[in-house]
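J.: Under full-length UniProt numbering, the first residue of the sequence shown carries the number 1, and numbering increases by one thereafter.
The hints are simulated quantities; they were obtained by calculation from the structure and are not laboratory data. The beta carbon of each residue, even a glycine, is placed where N, CA and C say it ideally should be. Among the clues, some could well be false.
[Unchecked claim] Simulated restraints on C-beta separations:
{"hint": "1", "residue 1": "GLY16", "residue 2": "HIS74", "range": "22 to 30 Å"}
{"hint": "2", "residue 1": "GLN68", "residue 2": "PRO103", "range": "48 to 56 Å"}
{"hint": "3", "residue 1": "SER27", "residue 2": "ALA98", "range": "14 to 22 Å"}
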Amino acid sequence: MLRGVSLRLPTVYGAGPGPHGNGVVTSMVRRALAGEPLPVWNEGSVERDLLHVRDAARAFAACLDRAQALAGRHWVVGTGRPVRVADLFGAVARSVAAHTGAPRVPVVSVAAPATATAADARGTVIDASAFRAVTGWRPRQSLPGALDELVATLAGHG
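Whole structure, please, built from the sequences with the hints as guidance.
T.: Rendered as structure tokens:
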């Protein structure tokens, strides 16, 4: 019998293997590199748990070592350190300005589009303590350092 493990991840960010990464963090870095304002919905007060791609990969690798103990359940994986979307976009703007020498782009509040869902207005905080207890996994990447790395990569300096 084959038993599986399910990991539920928050927003995952970081440089990918190709030139066209996606996701909200990468999209905002690209906008800032292009000198465009960073639009944040409704003041950006919603909080998100952000997980670096290397930490996500390490979580999946931890499943291989503890497959029997993890099998048959859903496990949430995240940092447990939410960040306000407006603060995240501000950090993106500062990092891009520091790497390029260009003026910092503004973070501007805009209305959420008609396609936004109720989930877009809710914050997410992940409690990965159960997964950590079984696997010993912990996130290692700091958001400021990982953002700087992503900006450097996308700007061609990394």
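J.: Is the gap between the beta carbons of GLN68 and PRO103 within 48 to 56 Å?
T.: The hint (48 to 56 Å, Cβ to Cβ) holds, given that GLN68 and PRO103 are roughly 55 Å apart.
J.: A range of 14 to 22 Å was offered for this pair. Does it hold for the Cβ distance of SER27 and ALA98?
T.: Holds: the Cβ-Cβ distance is about 19 Å, inside 14 to 22 Å.
J.: Kindly confirm whether 22 to 30 Å is satisfied by the beta carbon distance between GLY16 and HIS74.
T.: Since GLY16 and HIS74 have Cβ atoms about 25 Å apart, the given range 22 to 30 Å holds.
When each numbered hint is compared with the structure, no violation occurs for any of them.
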